[in-house]
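**Q** My request is simple: use the sequences and hints to build the entire structure.
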Amino acid sequence: MSLLTINTCVIRRHKTSLPSYSSPSASSESGRKISPEANTEALGIEGRKERIRSLFNKVELSVSAYDTAWVAMVPSPHSSQAPRFSRCVDWILGNQLNDGSWGLPQQSVRWLKDDLSSTLACILALKRWGVGEEQINRGMYICISKC
Numbered sequence: 036m037s038l039l040t041i042n043t044c045v046i047r048r049h050k051t052s053l054p055s056y057s058s059p060s061a062s063s064e065s066g067r068k069i070s071p072e073a074n075t076e077a078l079g080i081e082g083r084k085e086r087i088r089s090l091f092n093k094v095e096l097s098v099s100a101y102d103t104a105w106v107a108m109v110p111s112p113h114s115s116q117a118p119r120f121s122r123c124v125d126w127i128l129g130n131q132l133n134d135g136s137w138g139l140p141q142q143s144v145r146w147l148k149d150d151l152s153s154t155l156a157c158i159l160a161l162k163r164w165g166v167g168e169e170q171i172n173r174g175m176y177i178c179i180s181k182c
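Letter by letter, the sequence shown follows residues 36 to 182 in the working numbering.
None of these hints come from the bench; they were simulated from the model. Using N, Cα and C, we set each Cβ at its ideal position, and we do this for glycine too. One or more hints might be untrue.
Unchecked claim - SDA-like cross-link-like pairs, simulated, lysine to any residue; straight-line CA separation at most 20 Å:
1) Lys162 to Pro110
2) Lys162 to Tyr176
3) Lys162 to Ile177
4) Lys162 to Pro118
5) Lys162 to Cys178
6) Lys162 to Gly135
What the hints assert, rightly or not - Okay, the calculated beta carbon distance ranges per label pair:
7) Asn133 to Arg163: 23 to 31 Å
8) Ser99 to Glu168: 18 to 26 Å
9) Arg88 to Asn172: 41 to 49 Å
10) Gly165 to Gly82: 45 to 53 Å
11) Leu147 to Asp125: 19 to 27 Å
12) Trp105 to Ser180: 23 to 31 Å
13) Gly79 to Ser180: 53 to 61 Å
14) Asp102 to Ile80: 28 to 36 Å
15) Asn172 to Lys148: 21 to 29 Å
16) Ile80 to Asn130: 40 to 48 Å
17) Pro140 to Ala117: 27 to 35 Å
**A** And the structure:
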């Protein structure tokens, strides 16, 4: 489950558990009167929640080698010697760029900070699980040659 999914689930869970406030003299489900101050506060919370929801609707996620590498380093709850998200490790092994780095294919010859960060994170993830010696060596070579 992605962080985006987790955050969305949390927002939805809170939305369904809060009563609806329709007017300053509204009553709660138990019949108690709700003060105007409480109503204003609830409307403020609902407004903030709606703004957050609208931000999630506009999110455009791309594959991030850096993020994938950090997720790949999470150990399994059953064994600290195995990755929790083995598909992330597989992704790293299968998505190294031709130059030996990880990240987005570059149109220019400039090597960016993001390229270095992504490549180093992927190297660390592979080292963590003792796989991908060839990919690690190619990644190290590009880091040394570009820095």
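**Q** For a quick check of understanding: which of the numbered hints are violated here, in increasing order?
**A** Of the numbered hints given earlier, the structure breaks none, since each of them holds.
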